[in-house]
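Starting from the given sequences, assemble the full structure and let the hints guide the process.
So the protein sequences, as listed, match chains A and B.
Position 28 of the first sequence, counting from 1, maps to 27 under numbering that gives the first Met the number 0, and the rest follow consecutively.
Position 231 of the second sequence, counting from 1, maps to 230 under numbering that gives the first Met the number 0, and the rest follow consecutively.
Accuracy of the hints is not assured; some may be wrong.
[Claimed, not checked] Below, a sample of chain A positions facing chain B; criterion: calculated Cβ distance under 8 angstroms:
(1) Val-24
(2) Gly-45
(3) Met-50
(4) Gln-65
(5) Ala-82
(6) Arg-89
Simulated from the structure, these hints should not be mistaken for lab results.
Don't be surprised by glycine CBs; every beta carbon is placed ideally from N, CA and C.
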Amino acid sequence: MRNRSKTDPAVQSSPSMSASDSQSVFLSAMRPGERGVVVGLAGGRGLLCRMASLGFTPGAEVTVMQNFGRGPLIARVRGARIALGRGEARKIQVRRRSP
Amino acid sequence: MSPRFFNAVPAVDEALDLPAVTEERMVLVALAGQPNVGKSTVFNLLTGLSQHVGNWPGKTVERKEGTFTLNGTTYRLVDLPGTYSLTANSAEEIVAREFIIRERPDVVVVLVDAAILERSLYLVAELLSLPAPVVVGLNMIDVARQEGMEIEPEVLAAALGVPVVPMIATKNVGVRELSETVDRVASGEIPYTPKPPQIRADHQEVLEEIERLIVGCVPDPYPLDWVALKLLEGDREVTRMMRGCLSDERWEEVHDVLRAHDDALVAVASGRYEWIGRMVRAAVTRPKAGQISLTERLDRWATHPLWGLLILAGILGVVFGLTYTVGWPLMVFLDTYVVGGLADLARAALAGAPAWLSGLVVDGAIGGVGSVLTFMPILLIFFAVMGILEDMGYMARAAYVMDGFMHMMGLHGKSFLPLFLGFGCNVPAVLGTRVIESRRARLLTILLAPLIPCTARMAIVAFIAPAFFGSAATLVSWGLVLLALAVLALSGVLINKLIFRGQRAAFIMELPLYHLPNWRTIGLLVWQRSMEFVRKAGTLILGVSVVVWTLSVLPGGDVEHSYLAAIGRWLEPAGRLMGLDWRLIVALLTSFIAKENSIATLGVLFGAGEGPGLADVLATTFPPSTGLAFLAMQMLFIPCLATVAVIRQETRSWGWTLFNLAFLLLVSWVTGVGVFWLANLVGL
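Written as structure tokens, this is what we have:
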């Protein structure tokens, strides 16, 4: 994991934060053009704050713009285009929405 | 004195218990906004050339300030750093909120991107909880309209309870109205009745409990409810502050409450977006159409893993082309005619003066001024290019395509461009690290920048290598470049592991919309950056070059018997491990002023001038292994004085600057010795 901060305690916003949740996936697993709603975030306080200020909070609608399966990806959230590393994208849990 | 000053900011100030406003005080206005909302364009339009650029006290964050007058009143406009929120994640966010809380500006103007209204309003939501009247500049309404969005500013104003001014800053539309609104809010003509977001019902009780626990202990001038909210959000700085203010038992109580609600951070943020959602639903009459924008079309290429790299390579090619076809000739011209001419003039004027005075002025002072001056063409090109790429929105794309590669060294994608341009010159590489937001990634990039072999270092290699290695010289030169890059990568991994303990700034950033560059903004940026270099780095360069020149002539008047030579002799045992004698060491030492100096020094010390004969003398005096070690050390040695000066300027720390020098000294010495022994081993 590339962003684990040693000073911040890891906090989870959603108790159901697990990849096995049949309905939800990590943002990193979404294909370009797919839409979804954020249901959970994980990470240290610093990262959570940054994600929230850039628009990622539970309830936010996201559309994946670019995802080549490796490397960083681009998602649109709350009208803005955000680039994020794969590690960061694995901390965002999304429920897919049919297009 | 206009009578309107007597009631400046009346309604609000009374309500907030502000200290009385004195008659003479200029009206203080802060300009806030998220990055890429056109803040610098608005700032430049309002203040023009009255700007003053500096740093926030004790921070590496740039502080811009200027004045404008309207209806006979003078306004002091302070440009706050662009931040997405006001939580203590970065120096910028702390600077912005501390200014608003401590300096109590009469008005805070917050710019909002109409095309990204929802996300932009997040900062507004935070600002409304602070005790300063807010005016919203709804910028880029043209872009929003292009994307099919229709926003009613009056409705937004009514919903927020603060004035909203629609604007197109790039076309100078609405800027006048903005300043007039500021004027009317400052004078109290417009009553200020904000409707700040309330915390979500499920956390209301907790917030009240915290407020009850800390009431009476919150230091002035922090507002109680704001401190409680930030504690709940787990804000680092506020938590530290309150731990210091509360008794241990009371802190334990607060801490227990916070621990039980450690999910509050996301809840508070979500609450703000719910509030924003209500504002947006009221004010936006037509949402964004789903059409594909120009930015999206361009990004299919610019952020593509393959095409994106090719585009970046093309841009870098153009920049280097410019540097070599325009920058270098200008640099040579300045050096030969302007600096050379100045030196000739001084020498002639001081013909009757004692030799030391003429030497001090010509070689010490003019030499120092000259190196500042000759850097200017390259710096101007570099600042302009960085400014254009940043302003157009491309910089974030370059960072995006390079992130994976830079990540291996613990660096950020944004470190790539400054480092790469270091091949031209290390000075702009260090200055260019300003595009990196994370302090840690920025520091690491600065520390590594001197390991990029700049043109001046390559010139020394090109001069000496042929005499030692004949036809293999090109191969040796490439080998040395690869060696330097390998050392850079290794050092990056090492420093990151040992000093930053492997921490890395999260890679999450906005890709702003592309737009045409604003020449006024870029021009001002180039001007300010250049002046800063001349003012700050220039003084240091001048001072140190005089000192080094003095060391090289005292006490005897020539280099051979100078203090500098004595230092070289004293260091000889360390050099002998790779076959260097004191003369080569002195050449390395003088390269501190400017890399090309080492050739001139060798010319003097070997009595062979600076022509090709010198290289041959060196090749007959020393074995190839020593030649190679000398070149390797030259590549990795402490950078030139100008680079050191900007390292100091940008890190704002002598500690880090000296650490960097010591580190480079050690690395270059170890590598030199290693190369020497390896070369001997293979029988060079």
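Structure-based check of each hint:
With its C-beta approaching chain B no nearer than about 19 angstroms, Val-24/A sits outside the 8 angstroms limit, and its interface hint is violated. The interface hint given for Gly-45/A is met, as the beta carbon of that residue sits about 6 angstroms from the closest beta carbon of chain B, less than 8 angstroms. Because the smallest distance between the Cβ of Met-50/A and any Cβ of chain B comes to about 7 angstroms, under 8 angstroms, the interface hint for this residue holds. For Gln-65/A, the interface hint holds, since its Cβ comes within 8 angstroms of a Cβ in chain B; the closest pair sits about 6 angstroms apart.
Evaluation of the Ala-82/A hint against chain B yields a held restraint, the C-beta minimum of about 5 angstroms falling below 8 angstroms. A hinted interface residue such as Arg-89/A counts as satisfied when its beta carbon comes closer than 8 angstroms to some beta carbon of chain B; here the least separation is about 12 angstroms, so the hint is violated.
The structure shown violates the earlier hints numbered 1, 6.
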